[in-house]
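Undergrad: Full structure from sequences and hints, please.
Protein chains: 4
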Amino acid sequence: MEYSIFETEIKIRPDDIDSNQHVHNTKFLDYVLAARYEQMINNYKMSMAEFHERGFNWVVSSTTINYKKALKLSDKIVVRTQLVEIAAAQSRVNFWIVLKESGKVAADGFILYTMISLRSGRATRIPEDIIKRYSV
Amino acid sequence: MEYSIFETEIKIRPDDIDSNQHVHNTKFLDYVLAARYEQMINNYKMSMAEFHERGFNWVVSSTTINYKKALKLSDKIVVRTQLVEIAAAQSRVNFWIVLKESGKVAADGFILYTMISLRSGRATRIPEDIIKRYSV
Amino acid sequence: MEYSIFETEIKIRPDDIDSNQHVHNTKFLDYVLAARYEQMINNYKMSMAEFHERGFNWVVSSTTINYKKALKLSDKIVVRTQLVEIAAAQSRVNFWIVLKESGKVAADGFILYTMISLRSGRATRIPEDIIKRYSV
Amino acid sequence: MEYSIFETEIKIRPDDIDSNQHVHNTKFLDYVLAARYEQMINNYKMSMAEFHERGFNWVVSSTTINYKKALKLSDKIVVRTQLVEIAAAQSRVNFWIVLKESGKVAADGFILYTMISLRSGRATRIPEDIIKRYSV
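Protein chains in written order, with my numbering: chain C, -16 to 119; chain H, -16 to 119; chain B, -16 to 119; chain D, -16 to 119.
Derived by calculation from the structure, the hints in this document are not laboratory data. Warning: the hint list may mix true and false statements.
Pair ranges (Cβ atoms, derived) [claimed, not checked]:
hint	chain 1	residue 1	chain 2	residue 2	range
1	C	N49	B	D112	53 to 59 Å
2	C	A71	H	I(-12)	50 to 56 Å
3	C	H35	D	E(-15)	43 to 49 Å
4	C	E36	B	R37	25 to 31 Å
5	H	I(-12)	B	S30	41 to 47 Å
6	H	E84	B	S103	21 to 27 Å
7	H	R102	B	V42	40 to 46 Å
Ideal Cβ positions, reconstructed from N, Cα and C, are used throughout, including at glycine.
TA: This is how it looks when you write it as C-alpha cells:
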C-alpha cells in the first residue's frame, strides 16, 4: 500500500534559533512532532488525546535525520510526512522539511514509533481499527 | 500618547508542554518574543534583522509575568502587546496571552527592553526615527 | 523569620544559547527551576515527587526577573534562592543568578509559587508540617 | 585506528521533561551536544570557540538515535562518545547515553559532523593538525 503524504505548515520561532543564527538542529525534530500531532487530528481523525483515552501512547523508538540546508528565522517551511509501514506495535514515518517557496528540502529522515500501553508501559499490538484509520 | 494594541496568533507545540501536561511557564515568554518579532515586521515595519543592519539590538532588561490560567496543547491563543513607554534607551511593553475563544487572559505582564549598540554592547539612545515608527 | 540562602551550581548547555550568542533570557528561569528542584531534595528534604505523592503540586503564579549581565556558554554560575514568605497557599522566593568567579549578579528577581491540590487543580492551604520543613 | 571513548556526566533538568513525564526525545541529542562541547575542551584541548577563531565551525549533517529506555528526572546519566572516522570534511561520532548506576544504555546512535568554513559557509577539508588532535 502507498500511503498519503500529509503536509503541515510550521512557523519558526525566535527561541528556535541557536548561536549559529539558524534553527537549532534538534528543533527540526520538534517540528516533525508538531506536524504529526496536527496530522493525527486533521488526517487520521484521532488526536493524541484520544489515543491516551484508549490507554495507548506513541513513543519514538528511533530517529534518523539528514540535514541539507540550514533554516533561518525568516524561512517559511512545511513538514511533509508519509507513513511507510504500520504493523505489530510499530509504525515508520518518513518526513521532509521543505522550504515553502523553493520546494527545496532542508532535511529529511524517518521516525520509528512504537505504540505502548499506558497501563503496562510496554509495547502493544496496534489495534486493527487504528491500522485501518492510518491506511489513508 | 496611547499606543495601539497588536495581536499575533501563536500555535502551541507539543514540545512546549511540560510534565504538568500544560505549557511550560517559560514558554509563555517565548510566545511573547515570537509575537513581538512578527509585530516588528507587520506593525512597525522594521524587522529585528533591520535593527541589526543599523547596528542595534533589543535585549530584555526586565520581565514580570502573572500566570492566571494553565494552557493546554489544544488551546488556541493570541498574544496582545501594547507599547507603554519608549524613551532614552528603553521601551516598556505590556502583554496579555489570551485564549482566542473565551477571551480569557491566561497570563499578563510587561517587558522592559533596552536598545544596545551592537558595536559597544552598551545601551544606546533610541534614534528619533525609530521612536516615530513605534508611535502607532 | 530570616530564611537560609541556598545555592546550586548550574551548568550552561550549548542548546541554551540563542542567536545573540548568550544564554536565552527564558533559560535563566529554567535554571532557577532546576536549582529549586535540587534544593527541595537537598535542603528541604522533600522532593517534588514527594509533593506529588501527597497530592500537592507547586505552580508558578508570578515571576519578576531583572537581567544585569549576559551569560556566555563558558560562564560558571550558581543560583541562590531565599524563601521570603510562606503562608496560606503561597510562597515567595527571591533568587540571584551569580557568576561563580566574580560573584557578580547576572540576574535577580523573585517567584511567587502557589500550592495546588492535584485532585481539584485549585490552590490549597500549605500544610503546617511543610511550612515547618521550609522554615530553615 | 581505535579512538578513545570519552565520558561526560549530564544533569537532567526539570525543563527537559515532557508531558510523558520523561526526558523529551530531542533533549537526548542536546545532551550529546553538551557532552561533545565539554570533550572538545577536556579531551581534544580545542574548544568550539577556538574552532571559530580559526574560521571553522562543526555542523550536524546526519543523526541517528535509537531509544531504549525512558529517562526520568531523577536518573543520573553519562554520555559516552567515540570518534569512528575523521576524514575530508567529516567526522562520525558514535554515542551512548548510559544510566550511571546500572550501566544500562538509555539510547545510542551516531552523528555525522561536517566542518564548514565560517567565511564561505561551505564544507571544508579538516586541517591535518586538527585530525591529529582528534586522534586520541
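Undergrad: Enumerate the violated hints, using their earlier numbering and listing them in ascending order.
TA: Violated hints: none at all, because every hint is consistent with the structure.
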